Amino acid sequence: MRRIRQDPVFRELPIGEYDVLFNLSRCPTGWTRLNELNNSLLISQPSLSRMVDRLEAKNLIRKRPAESDQRGVELALTDEGRALQRRIGSAHVHRIHEVLAPALDPAELEQLKALTDKLNAGLP
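The opening position of the sequence shown corresponds to residue 1 in the UniProt record's numbering, with each subsequent residue numbered one higher.
Please note: incorrect hints may appear among the correct ones.
Straight line, CA to CA, 25 Å or less: simulated SDA-like cross-link-like pairs of lysine to any residue [claimed, not checked]: (1) K63 x R50; (2) K58 x G72; (3) K113 x A103; (4) K118 x I43.
Quick caveat, the hints were computed from the structure, so don't treat them as lab data.
These figures come from a predicted structure and were not determined experimentally.
Could you put the whole structure together from the sequences, leaning on the hints where they help?
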């Protein structure tokens with residue numbers, strides 16, 4: 001993880017902020033509630049709220065009151081945020097491959113992907 005975190009692509013946007021963009025990019029409707037997003041991240045709710053404010057100030061995400069509950073907040077990527085997530089994501093995938101490929105052969109990489117997919121599908 002240290003080698004991946006040191007990737008130059010994360011000079012443009014810290015890996016924690018990228019993680020928010022990545023998770024928002026996976027929302028089927030394009031919008032998700034702040035508390036639902038927090039379930040996918042390894043940071044506290046107050047830290048996420050501050051990060052969301054920073055990302056909104058950078059015009060990478062937008063916020064709106066939740067449609068079903070005006071006390072809640074929903075988030076979505078802006079076009080700029082989506083483009084940045086794709087650009088960083090592509091470089092990030094290449095970096096992960098560079099780090100793992102010397103240690104695992106192609107069959108093992110496929111097995112690792114299958115296992116992580118299975119874990120992801122089995123978690124709430």
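For each hint, the structure was consulted:
Under the criterion of a C-alpha separation no larger than 25 Å, the hint pairing K63 with R50 is consistent with the structure, at around 13 Å. Among the hinted pairs, K58 with G72 is consistent with the structure: their alpha-carbon atoms are about 22 Å apart, no more than 25 Å. A C-alpha spacing of about 14 Å is found between K113 and A103, which places the hinted pair at or below 25 Å, so the restraint holds. The straight-line distance between the Cα atoms of K118 and I43 is roughly 24 Å, inside the 25 Å bound, and the hint therefore holds.
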